[in-house]
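**Q** Chains as they are written, first to last, in the numbering used here: chain V, 5 to 401; chain B, 5 to 401.
Keep in mind the hints are simulated off the structure, nothing from the lab.
Since no wrong hints were added, every one of them can be taken at face value.
Identical chains share a label here; the pair holds if one copy fits it or two copies do between them.
Mimicking EDC-like on lysine to aspartate or glutamate, the simulated pairs with C-alpha atoms at most 16 Å apart in a straight line are:
id	residue 1	residue 2
1	54	109
2	164	146
3	245	34
4	338	303
5	55	109
6	55	86
7	160	268
8	245	32
9	250	32
10	178	271
11	400	279
12	178	265
There are 2 protein chains.
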Amino acid sequence: MKKIVFLTLFALGTLFAKAQQNLFGAQDIESAVVHPDNTVTFRFVAPDAKKVEVAGDFAEKAEENPVGGVVGTGLLPMTKDENGVWTLTTKPLASEMYMYLFVVDGVATADPNNPYVFRDFATISNVFVVGNGLGDNYLVNDVPHGTVSHPWYPSKKSGKERRLTVYTPPGYEKGKDKYPVLYLLHGYGGDEGEWSSFGRATQILDNLIGKGEAKPMIMVMPNGHMAMEAAPGESTMGFYKPSSEKDRADEPGDFEIGFKEIIDFVEANYRVIPDKAHRAIAGLSMGGFHTVHISRIYEDTFDYIGVFSSTGSLRRVSAEGIYKEYKKGLKKQKENGFELYWIAIGTDDFLFDSNIDFRKTLDDVGLEYTYVETDGGHVWKVWRKYLTWFTPMLFKH
Amino acid sequence: MKKIVFLTLFALGTLFAKAQQNLFGAQDIESAVVHPDNTVTFRFVAPDAKKVEVAGDFAEKAEENPVGGVVGTGLLPMTKDENGVWTLTTKPLASEMYMYLFVVDGVATADPNNPYVFRDFATISNVFVVGNGLGDNYLVNDVPHGTVSHPWYPSKKSGKERRLTVYTPPGYEKGKDKYPVLYLLHGYGGDEGEWSSFGRATQILDNLIGKGEAKPMIMVMPNGHMAMEAAPGESTMGFYKPSSEKDRADEPGDFEIGFKEIIDFVEANYRVIPDKAHRAIAGLSMGGFHTVHISRIYEDTFDYIGVFSSTGSLRRVSAEGIYKEYKKGLKKQKENGFELYWIAIGTDDFLFDSNIDFRKTLDDVGLEYTYVETDGGHVWKVWRKYLTWFTPMLFKH
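Sequences are here, hints too, so could you generate the full structure?
**A** Here is the structure:
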């Protein structure tokens, strides 16, 4: 019997093999290979190259990287063998999701043997995960899975349909339960796809809910740039090169003001518990700034607020439009009360000083917050960790 | 007022600019740029490279391409200017979605200035769309958008949850209507994500429904490799290099037999019309083979059958298991009746002869089909076109 199965498999394989061949560009090697001891091997075939390096966010001496490749990352030299295969094995790496590119004679290039790339703004990077720790939360594990979907909500504010990423928890389809909602906002240059790619929000929620560490919840990830309907490549702008001039030219305040349309859409189309105790909002960088202002503008709407690597106090911006009544709004928010106002930032973050100012403003109005200071800069490693810490604190009362 | 808006934008931009910089690897040029006359310009900065070429499926002389890059495609030479920028502008291209890579001194590499890449099996390719014709169907246009989601269905057959891609038509969330369902199957080496990336199935349906050319329908795209729970990177196998040995080692027949679990899940969880007149099934290559067998095994289940670039008559496979009663099953299918059995294949397809055999088998049992012969080989260009032609014929009675 085994032989027959083998033969039939062989027949199938042979018959359809060409189905793939229009695309097979990979070299016949594996890269990046994560070993059980958390070392990682990179391989790249380029017999004629003079110099090949790995630019990755796991490498030290970040500031010495002269290449645009993965800025804020270090460069590690690879070694060529007699077959023209360049190799590098790292020292053991901390459990984490990492990103990298190769730098071939000075030109940044994706690893052709690693088909896993995520896009951020106008660039793709290869990714890999080192498990055996924190990174396990960023992998798909043998736990029940929630559903990720991309509905479009009608936005009168922008005159368009706008694309969302929505996570519904495991069992949502089958059951009749109503759920709390976390609105999770991306940073400048990002879009509705970012928290579920680099951010690993889907995996984090699946894993935390699976372990019983977070309550089952719906997570809504909108696009915070009102000048965009949807992520690059998913909108009527087609396959253009993302640029700040083109698709991030937002009118300040428009996203915050238009946010009601998102809440309305979610509460009309999903089984949610539509009250303050079951609404949370959080965001990173620009999304943290959005969070500060949305959570105070929408009075008595959110019981849980998360501000990751951000600030609420842009002096120039604060002078105008919805930002004018900034302090007054915070005071009102304090009076209305809430369960958690969680602020986290890394000591290497370029917004660190601005975050100090922001907290002073909160102190001035007497708004109580939880402050968490960590290592790290303005990077995804930090934001994934914050989400992993933040979500278990939600909807516990 | 304008000045103030500008200033605030400037402040926002400056403040959050660094949010992106951990990832900015792109060179400060655009590529691939599609011009109004359908010519396309590629650009790549590599001052030290000796030779840079574009490997794309729009280039002629496919067979002369010696590189693994995009097999089945031609190579076009680029020209270097005094700044080390390599450039190529094509002649006007037919309206279509194309894929390409650069070949830099013999090494295939993704275009660092085009963040749009799709993965097929173990490789990524850059993509772009030339509009003004057929290709417009593959773009997001200003029409109402359906929702793409990724639920997981419980599969007793495999003992796992397995990931689906599901398209629900515009208005599904709001309304109470019930819809017909098209089950759309991928080819060997593919997964549940392929029809919605390379296949542009989402855009095709949005556009055809928007123009009133196709009926609003739900489209279900499962993973046809039972050895996989989900597409590479979306399963518990992590970020591995896809390989036929690892994740395509299916037991022949398992997918077809297990298909009932998919129908059951869809009919239990979506607003569908659960009868034969409102069920269609179609697939490309291996998915066409699956379609042939599922549509005859599940008696009286599907009124619409689409076999794209495929065959049903694998002699060796047909000798065993569910394939043993192949002809008998077809006869039963004929007796039960159906609305449409649509077969299409390109004259350059490596399965062309096998498709002739397959049609002879159908003739033998007197099963009537519509046969469409086109240009082209075993490639996505052909399959997108077939889907564009097939879906308007569905659910019309």
